[in-house]
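S.K.: Residue numbers (full-length UniProt numbering), protein chains in the order written: chain L, 1 to 406; chain W, 1 to 406; chain S, 1 to 406; chain H, 1 to 406.
The reader is advised that the hints may include incorrect statements.
A pair counts as met if it fits within one copy or between any two copies, since identical chains are not told apart.
As the list claims (entries may be wrong) - For lysine to aspartate or glutamate, the following EDC-like pairs were computed, each having C-alpha atoms within a straight-line distance of at most 16 angstroms: (1) Lys284 to Asp84; (2) Lys24 to Asp209; (3) Lys353 to Glu190; (4) Lys362 to Asp191; (5) Lys397 to Glu137; (6) Lys85 to Glu350; (7) Lys353 to Asp191; (8) Lys397 to Asp360; (9) Lys85 to Asp256.
FYI, nobody ran anything at the bench for these hints, they're computed from the structure.
4 protein chains.
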Amino acid sequence: MAKDKIVLAYSGGLDTSVEIAWLKNKGYDVIACCIDVGEGKDLEKIKEKGLAVGAVESVVIDAKEEFAQEYCLPALQSHAYYEDKYPLVSALSRPLIVKILVEVAKKYGAVAIAHGCTGKGNDQVRFDVGIRALAPEMKIEDPIRETHWSREEEIDYAKENGIPVPINKKSPYSIDENLWGRANECGILEDPWASAPADAYDRSVDIKDAPDEPEIITISFEQGVPVKLNDEKLSLASLIMKLDKIAGKHGIGRIDHVENRLIGIKSREIYECPAATVLLTAHKDIEDITLDKTLDHFKPIVEKEIADLIYNGLWFSPLMDSLLAFIKTSQKDVNGIVRVKLFKGNVICEGRKSPNSLYDEKLATYTAADEFDQEAALGFIKLYGLPTQVYAQVHQKQAGQSNGHK
Amino acid sequence: MAKDKIVLAYSGGLDTSVEIAWLKNKGYDVIACCIDVGEGKDLEKIKEKGLAVGAVESVVIDAKEEFAQEYCLPALQSHAYYEDKYPLVSALSRPLIVKILVEVAKKYGAVAIAHGCTGKGNDQVRFDVGIRALAPEMKIEDPIRETHWSREEEIDYAKENGIPVPINKKSPYSIDENLWGRANECGILEDPWASAPADAYDRSVDIKDAPDEPEIITISFEQGVPVKLNDEKLSLASLIMKLDKIAGKHGIGRIDHVENRLIGIKSREIYECPAATVLLTAHKDIEDITLDKTLDHFKPIVEKEIADLIYNGLWFSPLMDSLLAFIKTSQKDVNGIVRVKLFKGNVICEGRKSPNSLYDEKLATYTAADEFDQEAALGFIKLYGLPTQVYAQVHQKQAGQSNGHK
Amino acid sequence: MAKDKIVLAYSGGLDTSVEIAWLKNKGYDVIACCIDVGEGKDLEKIKEKGLAVGAVESVVIDAKEEFAQEYCLPALQSHAYYEDKYPLVSALSRPLIVKILVEVAKKYGAVAIAHGCTGKGNDQVRFDVGIRALAPEMKIEDPIRETHWSREEEIDYAKENGIPVPINKKSPYSIDENLWGRANECGILEDPWASAPADAYDRSVDIKDAPDEPEIITISFEQGVPVKLNDEKLSLASLIMKLDKIAGKHGIGRIDHVENRLIGIKSREIYECPAATVLLTAHKDIEDITLDKTLDHFKPIVEKEIADLIYNGLWFSPLMDSLLAFIKTSQKDVNGIVRVKLFKGNVICEGRKSPNSLYDEKLATYTAADEFDQEAALGFIKLYGLPTQVYAQVHQKQAGQSNGHK
Amino acid sequence: MAKDKIVLAYSGGLDTSVEIAWLKNKGYDVIACCIDVGEGKDLEKIKEKGLAVGAVESVVIDAKEEFAQEYCLPALQSHAYYEDKYPLVSALSRPLIVKILVEVAKKYGAVAIAHGCTGKGNDQVRFDVGIRALAPEMKIEDPIRETHWSREEEIDYAKENGIPVPINKKSPYSIDENLWGRANECGILEDPWASAPADAYDRSVDIKDAPDEPEIITISFEQGVPVKLNDEKLSLASLIMKLDKIAGKHGIGRIDHVENRLIGIKSREIYECPAATVLLTAHKDIEDITLDKTLDHFKPIVEKEIADLIYNGLWFSPLMDSLLAFIKTSQKDVNGIVRVKLFKGNVICEGRKSPNSLYDEKLATYTAADEFDQEAALGFIKLYGLPTQVYAQVHQKQAGQSNGHK
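With the rest of the complex left out, here is chain L:
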C-alpha cells in the first residue's frame, strides 16, 4: 500500500535531517522542501543531502524575489516594527514558506506538512495557523515539539538512523535569517543584563570597526517602492542585498530587544537588519513630504496592526487583506528621492525631494517670499480654541477664579 506523503520544511542541517528519518520511521514518504528567502543557501547541495538522508523527493526553490516583492515590500510600506523596535525578520518569511509548502504538498498529493519549530516559540504558531489558513485539511507534524529531545538524544537518533553528525560544536545561538534580516536568541543572550557578545552578530560590523568616513547614498521611490540605489535601477531583492552589504559595513541595523512573545513570555532577541533599517528610515522620510497630514497621522494605526498580525502569524487573514488594501492605496503619491548618510551605525536622512512634494517653500518660508496668510491664523485660533475657552469660562463661573485644571 502506498504510504502517505508529507512535505517537510528542510534546511539541510542536522535538525531537519533527523526529522526526515523520524517522519520516515513514522510511516511517511518524506518530500524535503528547501526554500531560499535570502539566507544564501547552496540549494543544489541541500537538494542532494535531502535525498541522501532519506527523502523520496527533494525540492528546492529560490523565493528571494517573491519574498522581497510580496512580503518585504508591504512590511516596508507599513513601517512594520513589532513593539516599535523589531522589523519582523522571521515572522515575515513564515507566510511565504507556508504558502510554498502548501503548494508543493498539493502538487505532490501530500496529506501532511511538517516543520521543526520548538514548542515555546512564536514560529510554531505561525506555521500551524498559516497551514490551517491555506489548507485546513492538511495534517501537521512537528517532530521537535513532539519528541522534545535534548541535543544528546538527537545525536543518538541521528547516529542510529545514519544521519551524518557535524563534528564542530553546535553554536550556542538559535539563528534565523533572510533578506530582511537576521534573528538571534539563546545562550548568553538569555540574560537581559548581559551585553550581546561580538559573535552574536554576523551581517554588521561593530561601530568601532565601521569606516571613519560617512557614505552618502540615494534611494529613489516610485509609489512607495524603492526602485533605485544610487541611480542604479535594481530588482527589489537585489537592491536589498546590495544595500545590506553597504549598511552592514557601517555598523547599521543592530537591535537588542526584550519582546513579548505571542505565547505569553518575554524573550530577549538580537536582530541585525542593515538594509531594512535604511529602507524603513528613508521610506518614512519620503512619506514625510508626500503624504497629507491626515494620512500621515492615521497610517501608524494601520501600521501597528499590520506589524502585530505579521508577528502573530495572521498574514493570511481577511483583516490583513483589508489593511494591505489601505497601504497600497496610501502609496500612490510616495515618489521621490532621499539622500541618506550612513555613518558609524547611523542612518541620517539629510535631504529629500519629490515631484509631488507637499512641502511648499513659499508657504513655509519666513522670508519676503512668504505666501502664507497670517491674518487667517487669528480666525483659526479663535475657533480652534473656542472649546477650551468655553470650558474655562464655564468652570471659572462655577468655581470663582479657579479652573478645571487644578
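Since chain L is already given, all that's left is putting chains W, S and H on it; use the hints.
M.R.: Here is chains W, S and H on its own, set in the frame of chain L:
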C-alpha cells in the same frame, strides 16, 4: 488715570525689547517676565535690561526644576514624539510659560498678556489657547503678529524708541531652546533637500568629532522617574543637564524632520535633544522588562495622543488630565537600571534589570532549566487558530479547493 | 466684455433665489444648479424658477442613484456614525454636490462657485474645502456668510430685486434632507433641555402612532451591498426610498443629539433616518456572522475615522481613499440575509444566515453534536494567562502576600 | 491527617451541589461559597443546602453594593459594550466573584479554588486567569471541565452521592444573571436564524405587552455616578434594581447578539439589560454636554479597550488599572440631569442639563443673540483647508487638470 497692566514674555533680546516699547506706546504699563526653562539665561542681566528698555516691573523666574518635573517627566514617561520623530522641545515649555505668565498677571493685577510669536507658527496657537484655558478673561497681545514688520522696520522702530540694537548680524536661524532640547528652523533649512550645515547645531558635536571610544553609563528608574545617573542621585533638572553634556559630546540627539504644523503647512526643522534621546530610549528599555504585554501594547495609543495634544497646544485640557492619569498609573512598576552605551551618535541599551522584571529566564530559556509547558502550546494554537481554520473551511467548501486569500 | 460666470448651488427657495440676485449685482453671470439627492424636489419647476429670478443658465440634475451608490453605500459599510450617534445626513451629500458643482463649473467655463452656508455651521467648511480639493483655482462666494442679513433685510433685498417672497411664515427650523435622512436644528431645539416638538419631525411617526403590530422584513446583502428588500431586487436608491417609508411608518430612526461641531461649538440636532437606521443595524448583524474576529475588532477604528472625515468635510482626501480601499476589501464576504422586526421605533434583528457564515453550530453547541476540543482550552488558558501569572508571582515575591492590584 | 481545603463557587443548584460531592470524593474539605451579585438568591437557604450536601463550611455573601460600586459603575462610565452591543453581564461579575473566593480561601487556609465553568466558554478563562492574578499559588479545580459529563451521567452521580435531583425538567437554556443583566444561551438559540422564543426572556416584557403610554424619568449624575432616580437619592445597587423593574416593564434592554468568544468561536447570545441600557444611554447623553470635544473623541478608544479586557478576563491587570485611572479622571465634570422617555422598548433622552454644561446657547443660536464670531470662520477654513489645497495644486500641476482623487 492708572494705565492697564500687561505681562510680556520677555527674553532680553531685540524682538521682545522692541515689544516693550510697542506695548508702552499702545498705552500699557508693561511687566517684563523672563522665565528660564533651561536656556542658560543670565536672569539678573535680563531683569535689568527689561527695566532699562521701559518695563515698569521686571520679573525673572528660574523654572528649570518645575519644567523638568511637571513637563519633561510626563513627556518622557509618555515617550512623546510628534510624528514618531520630534520629542517636543518648544511645545513642551509653552504650557509652563503660559502658566507662569498667568500667575504673574494675576499677582500684579494685569488685564492682558503679550507674547511675540509669528503669525504662521504653532507657538501662537499654544500661547493663545493656553492663556484662554487658564485665564479666558485675559486680553492677548501679539506685537509680532500684528505689526508683521520686516527686520529693517523693526530696527527703525527700535532706534526711534531708544532700544539698543545689537551690532552683530542676525542669525539666519530661528532658535528655541530649553532643558529638553533645541529647535532650529529658517534660513537654508527651508530647503528640505539641503543638508543642515554645521552651524545649525549647538548642543551636539558632529559624529565625526565624537570620541572614538564609547562611554557606558547607567540610568536608574524609580516608578518611571530617572533618579540616578551612574549611581549618582540627582534632581531631574540636574540629571537632564548633566546627561545632555555627556550625550551631546557623543553626537547624540540630532533630528532632521519635515513635520506637519498645526496651522496647515509642512515645515522642516532641525532638533537637538541629546539628553532627551538617551532618556527616552532607556525608559522604553526598562518598560520592556517591567510592563505587562497588554499595557505595553496599548500604551503607545495613549502616548501618541499625548504627543499630539502637547504639539497642538492642548496641555491644559480635560483630555490631557485623563491621559496623564493613565500614564501615572502605568509607571508604578517601572523600576530598574539600564546600561547604555553612548557612541558616535548611537544610544545602545546593552543591559537592563529590575527588581520586578517580568522577564523570567526559567520560562524563556532553551536550556534544561526550562519551566515552560510546551504541551500547553498545542491547546493554545488550536483555539488561537480556530477562527482561521473555520474561515478557511467555510471558504474552501464554497469555492472548491480555493480559499478566501486568493 | 463678457462677465465672469459663477455656478450657484440652487434650491429654488427664497435664500438661494436672493443669492442669484446678489451675485448678479456683484457682476456675475449666474448658473443656477439644482441637484436632487433625495429631497423629492420638483426639478422642472426649480429649473424654471432659477431662470425667472435671473440666472443665465439653470441646470438640474437627478443624482439620487449616484448618491446612493457612491456615498450612502460606503457610509453604510463603514457604519459611519459621528460620535456614535449621527449617521451623517448632510455631511454625506456635500462631497457629491461639490463634485457636481465643479463639473458644471468646468463645463460652462465658470471661474467661481457659490453656496449659501452660514458662517457658523459645518457645511461652509465642507463646501469650501471640497471645492479646494477638486478645483483649487476656483473662487468661492458665500452670500449668506458675507451679507449676514437678518430675515427682514433679506426680504427687503428680495423685494428690491423682484424676487417673489412666500407669504407663509418661515419655518422656525433649519432643515436639510436627502436619501439618507433629514437634519433639523434651530428654534426651540436650541434649548437642549426642551423636548423636540412633534412638528420637528417629518419622515417618521411618533411611536404612539406607529402600528400595534410588528412588521417583519428581510434584507439581502451581496458583498456588503443591500440588494433585496423582502426578496425584491431593487437599485440601492430605490431600496432606500422604499425602506424609508416602511421604517418611518414604524417610528424608526429619530435621533436627538448634542454634537461637537467642527468649528468649535456644541449644537443640538434632531435627525430622522428611518432607512439608514434599519440598514446600518442589519448590515452590522450580517457582518457579525461573516467577518472574522480580528477584522470585526479592527474595523470600528477605520469606521470612526471615516465618520470623522465625512463630518469634517474631508471626503476628497488621500486618507479617505485609503480607508475606503480597506472597507471595500472588508466587504468581500459580507453576504447573507437578515430578518428584521420593525416595531414601535425598534429595529430588531431576529435572524441572520449566510452561505459563508463563520458561526459554526457544531462548534458552538452544548449538545452531544459538540466538536469543540475542550482539552485544548486548558493549554490555551495556560499560555493566555501566563503573563498575568508571572506578573502576580513577581509582585507577590516583592511584597510578601500582597499583589500589584491593591 | 487534615485534608486540603478548597473553596467552591456555589450556587445552590444541582451542578454545584454535585461538584461538592465530586471534590469531597477527590479528598478535599469543601467550603461552599455563595456570592449574591444581584440574582435575587435566598442566601440562607443556599447556606443550609451547601452544608446538607456535604460542605464543611458554607459561606454566603451579599456583594450587590460592592458589585454596583466597583464593577457596574466603571463599566457604565466606560460605556463598556463588547463588540458595540453586549454590556458585559457575566464578564463583569467574574472578577468580583474571584476576588471574594480568594479572600475566603485565604481566610480559611484553603489551597485550592473550584468553579464549574464548561470547557468551551469564556468564563473558565475569566475564573482561571483571575485566580492566577490574585493568588497564583492557588490550585484550580473545575469538575465540569474535567468530568465532561452528560446530563444523565451527572444525575447518576448525584443519586449515588445523595444529592437531591430536582424533578422538573431542566431548562433548555444556560443562564447567568446579576444586577447588570441576564445572559442566555443554548437550546434553540444556537440557531442564529431562529427568533428567540418568548421564554428566553425574563426581566423584560415583549414590546407588545409594554404599556401604551410612555413613562418619563429623570436620572441625576454627580461626577459620572447616577445618584438619583426621579429625584430620589438611592445607593447605586438600589437605583439599578429599581430602574431595572421600570425599564423591564417597558420592554427595554433585549439584545440578540452573535459574538466572538475569547476562545475562538462565534456564539449566539440573548441578553436582557433593562437598567444598564437606560443608564448607559443617559450617561452618554450627559457626557455629550459636559465633556470637551477632544475628550469626547478619544474616550471611546479607552472604552473599547476596557470592554475587551473585561470580556477577556483581564480585569486584574496593570492595563486595567491605568485605563480606570483615565476613566475616573474623565468623570470629574460629568454632572447633571437627563430626562428620559421609556416607551415600547425605546430609551429616548429628550432633555439634558448641567451646571457645567459646555453647550452654550449664545454661541449655538441662529437668533439675534448670536455671539459666535462668523468672521473667524474664514480664517479657520483657510488654514484648516490649506493641506487639501496644497495637495490639489501639486497634483493638478503634475497632471494637467486632473487631480489626485480620480
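S.K.: Is the C-alpha distance from Lys85 to Glu350 at most 16 angstroms within one copy, between copies, in both cases, or in neither?
M.R.: Classified as between: cross-chain Cα gap 14 angstroms, same-chain 22 angstroms, threshold 16 angstroms.
S.K.: Are the CA atoms of Lys397 and Asp360 at most 16 angstroms apart within a copy, between copies, both, or neither?
M.R.: between (44 angstroms within a copy, 13 angstroms between copies)
S.K.: For the identical chains here, do Lys353 and Asp191 meet the 16 angstroms Cα criterion within one copy, between copies, both, or neither?
M.R.: between (44 angstroms within a copy, 9 angstroms between copies)
S.K.: At 16 angstroms max between alpha carbons, let me know whether Lys85 reaches Asp256 within a copy, between copies, both or neither.
M.R.: within (9 angstroms within a copy, 20 angstroms between copies)
S.K.: For the identical chains here, do Lys362 and Asp191 meet the 16 angstroms Cα criterion within one copy, between copies, both, or neither?
M.R.: between (54 angstroms within a copy, 11 angstroms between copies)
S.K.: If the cutoff is 16 angstroms on CA atoms, where do Lys353 and Glu190 land: within, between, both or neither? Let me know, please.
M.R.: Result: close only across copies, 12 angstroms inter versus 44 angstroms intra.
S.K.: Should Lys397 paired with Glu137 be assigned to within, between, both, or neither, using CA atoms and 16 angstroms as the limit?
M.R.: between (69 angstroms within a copy, 11 angstroms between copies)
S.K.: Checking Lys284 and Asp84: alpha-carbon separation at most 16 angstroms within a copy, between copies, both or neither?
M.R.: This pair counts as both: shortest intra-copy Cα distance 14 angstroms, inter-copy 10 angstroms.
S.K.: Regarding Lys24 and Asp209, is the shortest C-alpha distance of 16 angstroms or less found within a copy, between copies, in both, or in neither?
M.R.: For Lys24 and Asp209, the Cα distance exceeds 16 angstroms both inside one copy (48 angstroms) and across copies (62 angstroms).
Hint 2 alone, counting from the list given before, is not met by this structure.
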